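Residue strings, one per chain:
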Amino acid sequence: MDWFDTMMADFAVQVSGLKKFYAGRPVLTEVNLSIRPGEAVALLGANGAGKTTLLRILATLSRPSRGKAVIAGHDCVKQAERVRESVGFVAHGAWVYDDLTALENLTFWTTLSSRPADGEELRTALTAVDLDRFAHARVRTFSVGMKRRLALARLTLSRPRVILLDEPFAGLDQRAGKWVDEYLAAFKAAGGCVLLTTHSFGRGLGVADRIVILAGGGVVLDTPTATLSPDDVRRLYEAHAEDPT
Amino acid sequence: MYARRAWIVLWKDVLVERRSKEALNALFFFALLLLFIFQFTLGGDRERLAGALPGLLWLGFVLSGLVGLGRAFLTERDHDCWEGLLLSPGDKSAIYLGKLAGNLLLMLLVEAIMLVLFGVFFNIDLGRRLPALAGVVVLGTVGFAAVGTLFAAMTAQVRARELLFPVLLLPVLVPVLLGAVKATEAVLAGESLSGVMHWLKLLAAADIVYVAVGVLTFDAILEG
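Quick note, the sequences are listed as chains H and Y, same order. Here my numbering is used: the first residue of the first sequence is 1316, the next is one more, and so on. Here my numbering is used: the first residue of the second sequence is 8, the next is one more, and so on.
There's no promise every hint is true.
[What the hints assert, rightly or not] Computed, partial: chain Y to chain H, Cβ under 7 Å:
#: 1; residue: Arg-26
#: 2; residue: Asp-87
#: 3; residue: Gly-97
#: 4; residue: Ser-100
[Stated by the list, open to error] Chain H residues, not near chain Y, derived (Cβ > 12 Å throughout):
#: 5; residue: Gly-1339
#: 6; residue: Glu-1354
#: 7; residue: Arg-1371
#: 8; residue: Ala-1500
#: 9; residue: Gly-1517
#: 10; residue: Leu-1520
If you're looking for bench data, these hints aren't it; they were derived computationally from the structure. What you are looking at is a predicted structure, and each value in this text was computed from that prediction instead of being measured. Where a beta carbon is used, it is the ideal one built from N, C-alpha and C, also for glycine.
The shape of chain H in the complex, shown without the other chains (with noise of 0.2 Å):
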C-alpha cells in the first residue's frame, strides 16, 4: 500500500485532478473533492456546472477523461464492478417499469443486484416511503413523486456505503422530503456517506455537513454548513456560482 492508497482508506470519496471533456468542450477542468464516511456533502452549482457529470463519473456511468476518482477504496474506472457493490445512485430517472407493480419493481432490482429481499423486507422498505398501500400498484398509475419516493426504497434495499443523489427532493411533497432528510441523517450516523445535488438553499442543506460550489469546471468553494442559514448559502451561492471569477 503506498501512500496514496494510505490516504485514500480515509475518505470514502476521494476525487483528485479530475478532468472530464465532451468533444473536446470541458465540462470539468480540475475537480478535487474528498468525503469521509459519516460525512454529507451538498454540491451546489448553476446549470452546466458539471454537478451531474461529477455524479455520473462516480456511479461508474461516465469515465473521466483525466485524474482519478476512488470510492471505497475503488478506482471509479479500473475497478468499477466493485464500486457499483458499494454505491447507491439515485438519478432524474425513477428506473422503474411502468407494468410492473411496486413491489415486483423492488424484487426484480433487488434480484438482478444480487441483493434479493425478503417479502418482510420489502413491505418495509415501502412503508418507510409511505408506499406501503400501493405496493400492489402498478407503477404507470403513480405520479412523478411516488416514482421518486419508489427510486428510494429500491436504493435502500441495495444497502450502500456511498450514496449518489441527483436532486433527491425534485418532485416530492414535504412529507416524502422530510422522510429523506431522516433516511439521510440515519445513514450517515451509520458511517455512510452522501453526495448530493440540489439546487435548494433549504432542502437537503439541513443534512449536508458541507455545501460544495462547482463553477468553471472546478470546485470554487468548499465549506462547513454548521454555521450558515440558508441566506447564507443563497449568498455564497450568487457569489461563487453565478460569477465564478
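On the provided structure of chain H, position chain Y as indicated by the hints.
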C-alpha cells in the same frame, strides 16, 4: 445467483409483455398482413406455392422478428432503466441470457401462430411434418434471437436505431437463414430430418457461436 439474475430478467420481460401486449399484438397483425400479401401474390397456384413457401415462411419470421427484436431494449431506454442494468453488480451476461430467453419465447409464439395461419391460408396439411418443421424452426430461431438480442442492445442507444438494426443484423444472419430455408424446404417436401442433417448441423453450430459471442461481449456492449 447467476441463473436467478437471468431468470428475473426473463420474468420481468414476460410479465411486462403479458400486461402490455404491445409486441404481441403488433406482431400478430403484422404477420396477418404479410400472409394476406403472400396470398394475393401467389393465389392458389400449388406449384408456385411449393417452391416459394419455405422462403415466404422465413421471410415472415424474419420480418416479424426484426420488428420484435428491435423493441427488445426499448422498455429499458424509455423507462431510464438502462443505467440500472449497467450499474447492477455482477456478470452482465446473465442479463443477456434473460433477454434472449424472453425474445425467444415471444418469437416462437409468433412463429407458431404464423405456422398455423400459413396452414389455413395456403391449405397445407402440416400435421405429419410438424415435429421436424418445429425442430428446424426452433434451431433457426435460437440463432436469430441470439444475434438479434445482441444487436438490439448495441443499437438501443443510437439515434438511427431503426435503420442500423436490420442493416447490421441481416448480413450476420445469412448462415442461419440459408440453413433454415434449405432445411424447411426439404422437410416440407417430405424428406426426413436425417436427409437435412448437414443443414441442421450448420444451424446448431451457428446457434452455439452466436450465443457464445453474445455471452462474451454483452458486458462491453452494455458499457458502451
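For each hint, the structure was consulted:
The interface hint given for Arg-26(Y) is met, as the beta carbon of that residue sits about 5 Å from the closest beta carbon of chain H, less than 7 Å. A hinted interface residue such as Asp-87(Y) counts as satisfied when its beta carbon comes closer than 7 Å to some beta carbon of chain H; here the least separation is about 2 Å, so the hint holds. Annotation: Gly-97(Y) was flagged as interfacial toward chain H, and the flag holds, the nearest CB pair being 5 Å apart, inside 7 Å. Hint on Ser-100(Y) is violated. Least Cβ distance to chain H is approximately 13 Å, over the 7 Å limit.
Remark: the non-interface label on Gly-1339(H) is consistent with the geometry, its nearest Cβ contact in chain Y lying 19 Å away (cut-off 12 Å). Here Glu-1354(H) stays apart from chain Y, with its beta-carbon at least about 23 Å from theirs, past the 12 Å limit. For Arg-1371(H), the condition that its CB be more than 12 Å from all CB atoms of chain Y is violated, with the nearest at approximately 9 Å. At roughly 25 Å from the closest C-beta of chain Y, the C-beta of Ala-1500(H) stays outside 12 Å, upholding its exclusion from the interface.
At the 12 Å boundary, the C-beta of Gly-1517(H) stays outside the reach of chain Y, the nearest C-beta of that chain being 27 Å off. Non-interface status of Leu-1520(H) relative to chain Y is upheld: no Cβ of that chain comes within 12 Å, the nearest being about 27 Å off.
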